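In case you want the letters, here they are:
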Amino acid sequence: MVVLTRTTVAGRERVRGRRRRGEDLTKVLFVLPAAVAMIALFGYPVVKNLLMSLQDYTLKTFFTGVAPWVGLQNYSTVVHDKLFADAMLNTALFTIGSIAFQFVIGLGLALFFRNRFPLGGLLRSLLLLPWLLPLIVSSATWRSILEQDSGILNRTLMGLHIVNDPVPWLNSPSVALIAVIGVNIWIGIPFNVTLLYSGLSEIPDELYEAGQLDGATGWRAFFHITWPNLRSVAGVVLMLGVVYTIKVLDIILGLTGGGPANATQTLATQSYEKSFVDFKFGQGAALSNILIAISFVFAIFYLRSTRRAVDE
Amino acid sequence: MISKRIAAALAGATTVSLLLVACGDNGGGGQSSSSSGDSVKSLTILDYYNNDPDKSLVQKGLDSCASQLGITIQRETVPGDTLIQKVLQQASSKTLPDVLMLDNPDVQQIAATGALAPLNDMGLNGDGVIKGMVDATSYQGKLYGLAPVTNTIALFYNKDMLAEAGVQPPKTWDELKAAAKKLTKPGRYGMAFNANATYEGSWQFLPAMWTNGGDETDLTSPQVAEALQLWVDLVKSGSASKSVINWTQGDVNDQFIAGKAAMMVNGPWQIPALNKYPKIKWDVVTFPLNKPDQTPVAPLGGEAWTVPLNKDQAKQQKAADFVKCLNSDANELAWAKARFTLPTKLALLDQYAKDVPSMKAFAEQVKTARARTGKLGDKWPDAAKVIYQAIQLALTGKASAQDAFKQASGG
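Same order as they appear, the protein sequences are chains A and B.
Our numbering puts the first residue of the first sequence at 43, with every later residue one more than the last.
Our numbering puts the first residue of the second sequence at 15, with every later residue one more than the last.
By construction, these hints were calculated from the structure, which means they are not laboratory data.
Predicted, not measured: the structure shown is a model, and the values here were computed from it.
Below, a sample of chain B positions facing chain A; criterion: calculated Cβ distance under 8 Å:
id, residue
1, Gln99
2, Gln123
3, Gly128
4, Ala129
5, Ala211
6, Ser257
7, Asn260
8, Gln406
9, Leu407
10, Thr410
11, Lys412
12, Gly424
Each pair of labels, with its calculated beta carbon distance range:
id, chain 1, residue 1, chain 2, residue 2, range
13, A, Gly201, B, Gly273, 18 to 24 Å
14, B, Pro286, A, Ser274, 57 to 63 Å
15, A, Pro270, B, Thr262, 48 to 54 Å
16, A, Thr106, B, Asn134, 18 to 24 Å
17, A, Pro87, B, Asp95, 18 to 24 Å
18, B, Ala272, A, Leu171, 24 to 30 Å
19, A, Pro87, B, Gly411, 38 to 44 Å
20, B, Asn139, A, Leu114, 46 to 52 Å
21, B, Glu189, A, Asn91, 53 to 59 Å
We put the CB at the ideal spot given by N, CA and C, even for glycine.
Whenever a hint applies, use it, and build me the whole structure from the sequences.
Here you go:
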């Protein structure tokens, strides 16, 4: 009997141990696909890009596989490039200009569409149009709209006698960046409207009703009811906006290709040019890492602010 | 039990390593390692003629050579601006095609990486081919590609508009400026060209720069500045649109077709598009000269066919034979006639110009034309970048024509 129980206890323990090990294995197996996907799709490119930025990675490397280690030389080359300061400034102007106007116009439109009116739904869905067009199509279309001599915009402005001479939208170094920002604002509005509109519809109507009794209407209702309730959504919209805008490439390439006279070069276009026009992949990678680092700062900022919101 | 498992594991490991060895062996070239000796049955081909009519016209030439050699071909076409990226991707995965088409200024750059087989060792040479093209497709004294046909740029003009304004096709820069001014009226510019911030912008500037004795080895010379001044004068005087800094060659052609430009710098590949509008009566002259004693020098365009290095010697030789066939006299003439390009053999040019009168000016221009990579080789892209940036600086008024090149080259 005694012997028997002892063996069963030992057996049971062994079974339990095996089961626990089995459970652990199951857990690992469940995590594994996600982990593999993360490493393959996010980890590898980032690490590869980091390594590439520390190597002399050129056209030759693709054929021979040889990429000499150069340390931080690529970074110092791109930072001392005569276009780097301009590209930084343009990136900042492009990002801030785009986000500020996209957000304000988007919020205005979202507030406007919160009022129910006939055809409101249709108009709101039409507003999504810029978002649905392929960027290469929108930039080609805008390029012809902004054409100095025969573009429809200048024709209209001159026809209405708003300007006397055609505006060199894409032809003048001092105007081109403004034009490019303008097009990017147009593209970004739907994104802002959609998210802010859904944020607005989350705010319970009772708050406004209660506010109305206390005399909070119009602007006061906006500042005391709408804005405090919209803040977390607004935070998400702004942060995503920055991360999306800072790396915009296709619109600029399609409109000006970084010109005229490098007036619309940003870090993204410079990185593209270094890699795929000059075939200096190491320098291109260095520039894109700088870009990633800047986006990363905003991402951390965003994650911290949302965590605080959850904690509260 | 255990030993069996180990044996199985070992067997598995051996298969894997064998496979790896097999892959490594096959590295240099096409897909099949089994074909050896003279039993080469098929070749893979990569080019960027991805739009009709070029796509099917080139296919015809490729097919005729394939049947002459008794092989089949698997051809892949990609858009022009993605070819180099495709080649790089194939190079790193060791899946380069047996026959590779490259734009002629890219040949030296790719040859410098050691990816291409020298053609001299396989019974090919550039005898009788215009010097500019041999320069473009040679690297360190060896021939790496041959181009059956070539092209260049010259001055197109609208006959009716010039006749109406009583203007003769310009022969000198002064005549060009005067003619452009006279031809300009509301809604129409006298002259159109491409000065955008890409290699295309540099390419369109070369006829002026080279004809005037300018040289890419010294971009700060007065001859180069004079050429840039011509572009500046045309834009500043309003004879050419300020939009030239954003136009592609296709845009320039569209302006010409729409009647918004009376003259343009462009190449013969636009002729099929122009011929769709029979109402437009046009002709072509060589690019005007700054001083009467100069000869027009234009850049050579066109694509060369190369043979990437292949471990399979028989296949590599067959690919070289294929390139040789593509560059036969008969094929050169057939391609040139069908696609409004020019044969690259000097002996064929005069007869060709007689047969195809609309190509006369181009045939003249090609004889003296230079390759972009002729002097600087694989360093040409750096110079080309300085050129288009200087043009942009000068045309936007950020620098004078005299200072633009110094400023663009970082001085």
